Amino acid sequence: MSNYQVDENGFYGEFGGAFIPELLYPNIAELKENYLQIEQSFDFQAEFQKLLKDYVGRPTPLFLAERLSEKYGAEIWLKREDLCHTGAHKVNNTIGQILLAQRLGKKRIIAETGAGQHGVATATVCALKGLECIVYMGEKDIQRQAPNVARMKMLGATVRPASSGSKTLKDATNEAMRDWINNPEDTHYIIGSVVGPHPYPDMVARYQAVISQEIKKQMEGLPDYVIACVGGGSNAMGAFYHFLDNKELQLIGVEAAGHGIESGKTAATLTLGTPGVLHASRSIMMQDQDGQVVEPHSISAGLDYPGIGPAHAWLKVSERAKYMAVTDAEALEAAVECSKLEGIIPALETAHAFSVLKDLKLKPTDRVVINLSGRGDKDMETYMRELKL
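Numbering (our numbering), first residue to last: 175 to 563.
Hints listed in this document are in silico derivations from the structure and should not be mistaken for laboratory results. Check before you lean on any hint, since a few could be wrong.
Simulated crosslink set (BS3-like; lysine-lysine; CA at most 25 Å straight-line) [what the hints assert, rightly or not]: (1) K514 - K537; (2) K532 - K245; (3) K227 - K390; (4) K327 - K281; (5) K421 - K537; (6) K496 - K390; (7) K537 - K391; (8) K224 - K303; (9) K439 - K562; (10) K391 - K421; (11) K439 - K514; (12) K496 - K439; (13) K535 - K245; (14) K537 - K245; (15) K314 - K341; (16) K496 - K391; (17) K391 - K224; (18) K496 - K245.
Predicted, not measured: the structure shown is a model, and the values here were computed from it.
Between the sequences and the hints, there should be enough to build the whole structure, so can you do that?
Have a look at this one:
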């Protein structure tokens, strides 16, 4: 699909690539040489599609949110990825990568996680397939996502804390990278978002593209807007993927402004960031004048990341997609509104996406799809504390 897909060198426009240490060259080369051939093979697709249907529960519903529609004066549709097994879209990618890892002969799986949903999805599918699973997680995230940590352990995974830096997703990713460098032969690193060295951004996007494939079929025609939250950007890329060339349709990504864009406590990467290399690919990142990473902040662990997938950086620069920033307070307000109007408690990540409805100039004929990427059970401790429930 034209100008918005990765090129043969692993770049989206000026972003992407694989800026990796020499020790990782064999791992990345093995993936680059094999992932498309395996992903497009009959036996892979047969097993992948069967698991998506019978294990994940796909296709997920596209639900008309009538009370939100009435309030905002347009048709508001919710793509219910929160109804996936394990409670979020993350499992789509995890199943794809574990089937790939098995075909590459890998016996050991490592992953990093922020909100815990990717870690739970990885632990779940590792249990299903009988593979060793190690999940790296920032100490701060371990504390604020305790239910998901317990789920990972119950599923048989080892959760290893990352205690450096901000003790969040960025630091967990650093630890997972170090593990992979030290265990190149038998280990596959399941990156949970459209970040990291090529071919990960393209690979994860392909496994998540089932979301937009289903939306396109379920809508019976194009919507006017597709909206999704962005941290690394996997759920948004999955929701955008099959609409990238439909330029009459507006794609909106919503990132975390934290306490406010100018507060110094934010994760609004695409609003404040500049080009640089983070976690082995060139994208847009929050950095100071010396190129040091600026520690991010978001009330949502899944959005608390100083970078963004290179495809999103290209969609921003090429103006194919629009990116908006929402504060912690606005996300909490939107979560309460969705809960009370539709009986759905969204994940804090997804609550950011709901919050931009108030800022759009919608017409009664507009059809808006929000990718409801995960459910809010994991965030109840934060909701209880912040909303004094």
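Each hint, compared with the structure:
1. K514 - K537: Status holds; Cα separation ~23 Å.
2. K532 - K245: holds, 10 Å
3. K227 - K390: Given that 25 Å is the threshold and the Cα spacing comes to 18 Å, the pair holds.
4. K327 - K281: holds, 19 Å
5. K421 - K537: Judged against 25 Å, a Cα distance of about 18 Å means the pair holds.
6. K496 - K390: With a Cα-Cα distance of about 20 Å, the restraint between K496 and K390 holds, given a limit of 25 Å.
7. K537 - K391: Holds: K537 and K391 sit about 23 Å apart, inside 25 Å.
8. K224 - K303: holds, 14 Å
9. K439 - K562: holds, 22 Å
10. K391 - K421: holds, 18 Å
11. K439 - K514: violated, 29 Å
12. K496 - K439: Cα-Cα ~22 Å, so holds.
13. K535 - K245: holds, 13 Å
14. K537 - K245: Answer holds: K537 to K245 is near 12 Å, not above 25 Å.
15. K314 - K341: holds, 5 Å
16. K496 - K391: The given pair, whose Cα atoms are some 24 Å apart, holds under the 25 Å limit.
17. K391 - K224: Holds, at about 19 Å.
18. K496 - K245: holds, 23 Å
Of the numbered hints listed earlier, the single one contradicted by the structure is hint 11.
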